[in-house]
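From first to last, the protein sequence lines stand for chains A and B. The numbering of the first sequence is full-length UniProt numbering, which starts it at 1 and goes up by one. The numbering of the second sequence is full-length UniProt numbering, which starts it at 1 and goes up by one.
Any given hint could turn out to be false.
If chains are identical, the list can't say which one is meant, so a pair holds when it fits in one copy or spans any two.
The calculated lysine to aspartate or glutamate pairs, modelled on DMTMM-like cross-linking and capped at a C-alpha distance of 25 Å, are [claimed, not checked]:
hint : residue 1 : residue 2
1    : Lys223    : Glu349
2    : Lys294    : Glu135
3    : Lys555    : Glu296
4    : Lys223    : Asp345
5    : Lys184    : Asp203
6    : Lys672    : Asp213
7    : Lys555    : Asp429
8    : Lys294    : Asp149
9    : Lys539    : Asp345
10   : Lys223    : Glu296
11   : Lys294    : Glu349
12   : Lys223    : Glu135
13   : Lys294    : Asp356
14   : Lys555    : Glu280
15   : Lys360    : Glu382
16   : Lys360    : Asp576
17   : Lys359    : Asp576
18   : Lys479    : Asp576
19   : Lys480    : Asp149
20   : Lys184    : Glu275
21   : Lys318    : Asp570
22   : Lys294    : Glu281
23   : Lys555    : Glu351
24   : Lys360    : Glu275
25   : Lys480    : Glu135
26   : Lys539    : Glu271
27   : Lys539    : Glu281
Keep in mind that the hints were calculated from the coordinates and are not lab data. Predicted model, so just to flag it, every value in this text is computed and none were measured.
2 protein chains.
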Amino acid sequence: MATRIPRIATREQLLKHAARRVPINPTARRLHTTTVPRRNPPTPTPRSNPQTPSKPPPPKTARVAPSSLLLTSGLLASLFVFSQTHDDDDHDDDTSSRPSLSPSPTTTSTSSRDPSLPTYRLSFIRHNHGPTSPEPWVTLGDKVYNITDWIPAHPGGDVILRAAGGSVEPYWNIFSIHHSPHVKEILEGYLVGYVSPSDLGPDGKPPPASIEDPFVNDPIRDKRLITHTLKPRNAEPPNGELDKSFLTGNEMFYVRHHMWVPDDAGEGEEELVVELPGGEERRYTLGELKRRFKTERVTATLQCSGNRRNDMTRHAGKTNGLQWGVGAISNAVWEGVRLGDVLRDAGLEVEKGGEDQRKKMHAWFVGREAYSASIPLAKAVEGTGDVLLAWGMNGEVLPRDHGFPLRVVVPGNVAARSVKWLSKIVIADEEATSQWQRRDYKSFGPNEGASPDWDRAPSIQEMPVTSAITGVWVGECVKKVPWMMGGGDNNNNNNNNKITSVGSGQRTIDMAATPQKVGFTAKPTTPTATPCPKTTPDKEPIALQGYAYSGGGRKITRVDVSLDGGATWDQAELVDDCSNPATPCYGSKSWAWTRWRYNGTLPVLSLPPASFPSTATAPLPPALAKVGQDCEDGFGRSVGLMGRLPNHKKQCTTLIVKATDESYNTQPESHKGIYNVRGNLATAWHRVKICPECTKGNGGKGGLVWNTGETYGCGFRKEAEEVREGMRAASESTGNGK
Amino acid sequence: MATRIPRIATREQLLKHAARRVPINPTARRLHTTTVPRRNPPTPTPRSNPQTPSKPPPPKTARVAPSSLLLTSGLLASLFVFSQTHDDDDHDDDTSSRPSLSPSPTTTSTSSRDPSLPTYRLSFIRHNHGPTSPEPWVTLGDKVYNITDWIPAHPGGDVILRAAGGSVEPYWNIFSIHHSPHVKEILEGYLVGYVSPSDLGPDGKPPPASIEDPFVNDPIRDKRLITHTLKPRNAEPPNGELDKSFLTGNEMFYVRHHMWVPDDAGEGEEELVVELPGGEERRYTLGELKRRFKTERVTATLQCSGNRRNDMTRHAGKTNGLQWGVGAISNAVWEGVRLGDVLRDAGLEVEKGGEDQRKKMHAWFVGREAYSASIPLAKAVEGTGDVLLAWGMNGEVLPRDHGFPLRVVVPGNVAARSVKWLSKIVIADEEATSQWQRRDYKSFGPNEGASPDWDRAPSIQEMPVTSAITGVWVGECVKKVPWMMGGGDNNNNNNNNKITSVGSGQRTIDMAATPQKVGFTAKPTTPTATPCPKTTPDKEPIALQGYAYSGGGRKITRVDVSLDGGATWDQAELVDDCSNPATPCYGSKSWAWTRWRYNGTLPVLSLPPASFPSTATAPLPPALAKVGQDCEDGFGRSVGLMGRLPNHKKQCTTLIVKATDESYNTQPESHKGIYNVRGNLATAWHRVKICPECTKGNGGKGGLVWNTGETYGCGFRKEAEEVREGMRAASESTGNGK
């Protein structure tokens, strides 16, 4: 066996295999308004590696050591359409590290040029060999390639036409899989000439300004969003906006893109193609969908599998991918038609076969250009699954950033399944699905004959339970908490920023005001104290708020809060937003997040003395010895001892939230226990460390302020600053700061 | 508000309230073959506390401090029919502490007797005032009571008739709620005379032999079961038998009873009553059910909410209830008819109203005598819910211990919902369900006006993900592991105790042989070594096996094993029992447990030197310093330091298993994080500490043996011994050892 098939195959082999096996994505040919004619026959690269295997090897991401594999198995990282079908992740690591469009290091010098080949002006290429021409060309550095014959074999489908008439560089920077010698080698087979010296800069390459920016037509986003990458745009709302209201405003809904936002789609212009297992196709215009099927609404939270990844990085180690805070999650009312209705209309016999069969079959959603994902057919068609083909969001037309004109919404599943800019749905029978899942890699890997890891851990569909703290108020700040203004048990029917009774003893909260968050803006709570107090006050009030969410439509049944690092717990109040007439929850199950809030009393903490040594070896102050168990991410372990470690400078306490859903599953205690190198499903208890400090300057008097720790308090001041700094830097390097 | 309603109400008030509100359980009147006529009007106790509140107070179990309340809310402990409906628990604490039938301390002396009342012989009472007489009497100590007028008001229904003609004492010992002054007070109102002095012993009480044993007709159980209580019987299979086969043998299936096993039911003799929301009733004999509806099979695991409770006790603190090991779980094929089919036939319009409505309505299952529980109607009627009314178990007639002649099987839910000896099903509309759930306690509790804790945490229905290690083999013992005999990758089609390929690269394991478990019988692995080795061998092999299970039909997608206390992890092999033609898995979802096995290599550990000090302060041996992080329940914390603590005597390592289900929920890391005083849902990572030791006696040579720790290794030697000792003691105290 081992001699027949090489263990390590080249990228090129993978590409060639993909070219043979995967049909061209037909929707991509409608990228620009006219259709590019298909070339026949497909011509693979002329300089291929002769050692062509019958089966490709596993991708490298699946070769991570088992001890770090938790939850990462089945996560194949390629961005090609064919391999994304069962990719659970949001593909962060393919995009996050390359936000800028700086040219790739493919520098050539004209001296190495083949003198037998002609040169072309960039304007000539742009006008005569663009996406709609019968002979599309691309450039890379100073070289010109005729990719006409390569297009049918291109694993990413006709997306390649997006680059036709210009440079492929910006696209290779997005689809980083191209940064490989083998890809270059393929391209070299299509060399037809060179860029005219008149179009080259002093470095022998076309100047950056001559390279078209694929993101030039991206929509303008709300400035409050915290941006992780600009191109493609990935951004989350700041904590203060995240769960201020039950429904996230469309402009504040987190943005997760792998590329540019399609700009040439018009309502009714595109057709949705439904392909049945037999290969029959049925086409629908958006107008038809709206007219012929019953319009439904579903209130559903979407959450990226990478939400809270930054938490995992901080508490368990480096992870690859966008370092989301707690905001890669948002909630909206979606409007559209039931996927099941459309599939039945298209001729799919969904009742045929049992539930088992429906779990093995998949509905595969192909987005415009290079993204697709699938869900089990059982979820796609079951009445209580509530999967929508949606065109509306919170009562408005679906914004371009969220899939205009049509997207899938798969409530309760990882948001990667809710494919935006939907162009095609393929229903795959068991065999095809099985092929996608196994990708013929069955008998490969270090343990030949055994199932490789990524075959033993199915892809993520439903999301596990999670929660986060998004607001903290301490001391005098508690007076500014909107839902505290109504008082503890003083129910009333005033909807203005107060606790409101909505029947059944439940209360709803309007958090319209944007309060001061302790993590963002520390306010002296005892401003007239002088000198600095030695400890925090007895019975210092604290208020917390946040969200909790579980996949699969499982309702949040309780949220527990600890103010002392996990030593003691109390139950938080769940906000019954679904009972609020203003925000009814549409759908069969609990697809929306649950907001919670809590108020309590902090333990007494010692303030650090002015001369508190940075390498403290002295006995701990009594108050700290009592509470200090949580000066790291404690839970009663590491008792007191951490306080003696050199890097421990402050007396702090850790606020924790954890949620339980109706299946009584709850969150893991630590990210160490669920660590995986991709940083997916970072669902451990959410911890925010807060520390008292004495500040002077208030007319010479000392005041007590509270801060989140230097590396704790995900989503709080320190993190927000870091993220903004990164955004600014990226913006400067590309000259695009919008 | 506080003045209107007393904060602490008496048990009697509760009883009185219940008497007014709850209908008598009609099925209980068929306890013996004739029916007892209903007496009218109901007469409440004549000596009631005058402070009768309009609403009863919360029961004490709900008053636990919030910090210890996790997962216990909603767990009301009364054993009365009316209050069990939403009781998630298996009611352990009501029975476990009273396995014997020793008389309660109600000693009276004849000198305190009312001389105006007559005396009766016990034989007279037995023959003339038994369950079928128009005037049932009971005795308590030397007193005789005519309970005729109390029966309609008795919160537990006509179960009280079980005691008629004899002493109530054995029943009060089972239903421990009666051990309260207020209950006694109620009974005193019905005093009609005294037991004749001829029937009293020297202590002024009837001799124990004169008191009928309600358990006299209990079935005889398999001697291999580990018995927690004899009367009622609660027992679990030992680890060696638990998951030896995919389907647990009927005789080894764990037994969870609240009382005696009904002995007077015959097939066809009893009728199942279905009561619809309007009050209409429909009756079915077992024969009718079998003839008129399609017979279905479902392969489903049942698990007690108290499974692994002993783990929580050991790792997090004292819990109330039966101290189950890892064996309060078993798996079987159930045969019967779909509950949904029967409900539709009975006239229930299940499609009426949405999913939301069906979640709010409940199907309430009433067992014969004093047990009932409910499930949301959505689960009861959905096609993929697979709820059965079952008469068959693993191809045999349902055994008496498991509900003969008819029981409910609710796959994926806590086993407390799978009511045995089913007599009635009540479909309750939203209002009635709501009443059960809220029990009118809405505005009570420490925070008047706020929802009390038990109203904020709904009852357990679906079970969260859990797993356990049930077999450990080390060193030479690994040669005896059945599924290791086939070799690592040597797939073959021989089904005899070897790894067997069943297609798709999956393997199934026949564990027919009962191997030596390291926890039970330590075997020298290096029997000829002399003197004692200083460390365990390099690359010492280890093999583990066990089970994993998640509720709600969620498939187990991966099981991870750590051999070093959580520092590193590896994936276990999942046994694909469902693909084995001998054990197909019936049903729409993954209702059965998943067995797993793992083989690996232990880290090198130091053996304790002969003079190893019990209060070691010396530096740790290097090998221990490297591995010793897990000498407690570590996970890399408490690093090394535990080795210096006085009670640390051995160099050990902790084996851990944790499972992940298809919703990607996983198990909590520690029981401290989910501690609740009832010890429910003890689903933390399962840990088994193993320790090397040098033993002599093998012809004077030293041999390396492995032991589970003294308090670790739930279900292993130490625990088995403790449990057997408890069983023996209980048996001796009652004279009933069967």
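A quick look at each hint next to the structure:
no.	hint	verdict
1	Lys223 to Glu349	neither (47 Å within a copy, 53 Å between copies)
2	Lys294 to Glu135	neither (44 Å within a copy, 65 Å between copies)
3	Lys555 to Glu296	within (21 Å within a copy, 30 Å between copies)
4	Lys223 to Asp345	neither (43 Å within a copy, 60 Å between copies)
5	Lys184 to Asp203	within (20 Å within a copy, 100 Å between copies)
6	Lys672 to Asp213	neither (41 Å within a copy, 54 Å between copies)
7	Lys555 to Asp429	between (32 Å within a copy, 21 Å between copies)
8	Lys294 to Asp149	neither (45 Å within a copy, 60 Å between copies)
9	Lys539 to Asp345	neither (63 Å within a copy, 61 Å between copies)
10	Lys223 to Glu296	neither (32 Å within a copy, 59 Å between copies)
11	Lys294 to Glu349	both (19 Å within a copy, 24 Å between copies)
12	Lys223 to Glu135	neither (42 Å within a copy, 82 Å between copies)
13	Lys294 to Asp356	between (28 Å within a copy, 20 Å between copies)
14	Lys555 to Glu280	neither (39 Å within a copy, 33 Å between copies)
15	Lys360 to Glu382	both (14 Å within a copy, 20 Å between copies)
16	Lys360 to Asp576	between (36 Å within a copy, 16 Å between copies)
17	Lys359 to Asp576	between (33 Å within a copy, 17 Å between copies)
18	Lys479 to Asp576	within (23 Å within a copy, 58 Å between copies)
19	Lys480 to Asp149	neither (66 Å within a copy, 61 Å between copies)
20	Lys184 to Glu275	neither (34 Å within a copy, 74 Å between copies)
21	Lys318 to Asp570	between (32 Å within a copy, 20 Å between copies)
22	Lys294 to Glu281	within (22 Å within a copy, 38 Å between copies)
23	Lys555 to Glu351	between (28 Å within a copy, 22 Å between copies)
24	Lys360 to Glu275	within (17 Å within a copy, 39 Å between copies)
25	Lys480 to Glu135	neither (65 Å within a copy, 69 Å between copies)
26	Lys539 to Glu271	neither (63 Å within a copy, 62 Å between copies)
27	Lys539 to Glu281	neither (68 Å within a copy, 58 Å between copies)
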